[in-house]
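Based on the sequences and whatever the hints tell you, model everything.
Under the working numbering, residues 1 to 304 are what the sequence shown spells out, in order.
The set of hints was computed from the structure by calculation and includes no laboratory data. Some hints could be false.
Straight-line distance between alpha carbons at most 30 Å, and here's what the computed DSSO-like set of lysine-lysine pairs gives [to be verified]:
1) K262 / K219
2) K185 / K98
3) K9 / K63
4) K185 / K153
5) K168 / K63
6) K90 / K146
Simulated restraints on C-beta separations [said to hold, decoys possible]:
7) F26 / R169: 30 to 36 Å
8) I84 / F7: 56 to 62 Å
9) N86 / D141: 37 to 43 Å
We treat Cβ as the ideally placed atom computed from N, Cα and C, and that holds for glycine.
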Amino acid sequence: MNYPVLFVKSIIGFFYSVYSFLVYIFQLLGFLRVPKKSLKGQLALVTGAGRGLGREISILLAKKGCTVACVDINEEGCQETVSIINRDFKLEAAKAYKADVASREAWTELAKQIAAQQGEVDILVNNAGIVASHSILEASDDLIEKMFDVNLKSHFWSIRTFLPKMLKRNQGHICAISSIAAHTKAANMTTYAATKYGVTGLMENLRIELKQMPNNNVKTTVVHPYFIDSSPINVKHWEVKTDLPSVSLQDVARATVSGIQKNQHTVAYPFYVYALCLAVKCIPQPASDYWYESFQVELSDKKD
Numbered sequence: 001m002n003y004p005v006l007f008v009k010s011i012i013g014f015f016y017s018v019y020s021f022l023v024y025i026f027q028l029l030g031f032l033r034v035p036k037k038s039l040k041g042q043l044a045l046v047t048g049a050g051r052g053l054g055r056e057i058s059i060l061l062a063k064k065g066c067t068v069a070c071v072d073i074n075e076e077g078c079q080e081t082v083s084i085i086n087r088d089f090k091l092e093a094a095k096a097y098k099a100d101v102a103s104r105e106a107w108t109e110l111a112k113q114i115a116a117q118q119g120e121v122d123i124l125v126n127n128a129g130i131v132a133s134h135s136i137l138e139a140s141d142d143l144i145e146k147m148f149d150v151n152l153k154s155h156f157w158s159i160r161t162f163l164p165k166m167l168k169r170n171q172g173h174i175c176a177i178s179s180i181a182a183h184t185k186a187a188n189m190t191t192y193a194a195t196k197y198g199v200t201g202l203m204e205n206l207r208i209e210l211k212q213m214p215n216n217n218v219k220t221t222v223v224h225p226y227f228i229d230s231s232p233i234n235v236k237h238w239e240v241k242t243d244l245p246s247v248s249l250q251d252v253a254r255a256t257v258s259g260i261q262k263n264q265h266t267v268a269y270p271f272y273v274y275a276l277c278l279a280v281k282c283i284p285q286p287a288s289d290y291w292y293e294s295f296q297v298e299l300s301d302k303k304d
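Here it is as structure tokens:
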């Protein structure tokens, strides 16, 4: 091992890390502005577009000038999202597609339909997910499998479907909605958190794979929102009790689209919760547990 070279690289890495951290802080505080790329004329595919965050992201992307392919297994909700977009912006700004994102075969057929009706996908937003709270012993085998199929494996199928053509055009953006659950811990969140850890790991490693490709211009963004304050119409699948304020769908959607425009590889909303979670990981377990218990998140399955 060449220790002198390793030492020099470590020194350079330290100062570069300090510099990057300061730049990031100045950007957060608004002292440095990050240019935003235009999304006008691009085709964005959004999964889980039939309600909630997927609907808000679809509407905001249309507002930025995108044509939107709205995908959801809930055909009625998906059509409603399309109607809102086409009513508020322009005729045929969006189209609805019914698909089970957990199915590999469905992605192949979906890609053909979208290519024939709208063209090639420029922005892929993997948002669809199943939200449920349970202890590891309470969950049924079927629910665990379904959550992994929808929340995690569907990301693999969608990326493997659309990334090759993005690479061929050397243009595109892949965005995944993860969760702050990928950086924290709470009881009754085992399956959900595991799927979100997986999404975060997938996107972090995909970014490195793409970075190693010469002159690559396909970007990635992974979003870590805190628990979203869904109104009754959006259906809450669990009850959340915490001293920290929840966040709105609209705010998370704005942060997501802004992250895409800025080519941010990581978007956390709100940032202070994300920073707290990262900091707590760096301290001994007893102290870490104290912090988690101080801002305890209590999850229980919603009883309709």
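We went through each hint and held it up to the structure:
1. K262 / K219: holds, 10 Å
2. K185 / K98: violated, 34 Å
3. K9 / K63: With Cα atoms ~45 Å apart, K9 and K63 exceed 30 Å; violated.
4. K185 / K153: Satisfied, since the Cα-Cα distance of roughly 22 Å is no more than 30 Å.
5. K168 / K63: With Cα atoms ~28 Å apart, K168 and K63 stay inside 30 Å; holds.
6. K90 / K146: Violated, because 36 Å separates the two Cα atoms, which is more than 30 Å.
7. F26 / R169: 30 to 36 Å: holds, 34 Å
8. I84 / F7: 56 to 62 Å: At roughly 59 Å between Cβ atoms, F7 and I84 fall inside 56 to 62 Å, so the hint holds.
9. N86 / D141: 37 to 43 Å: holds, 41 Å
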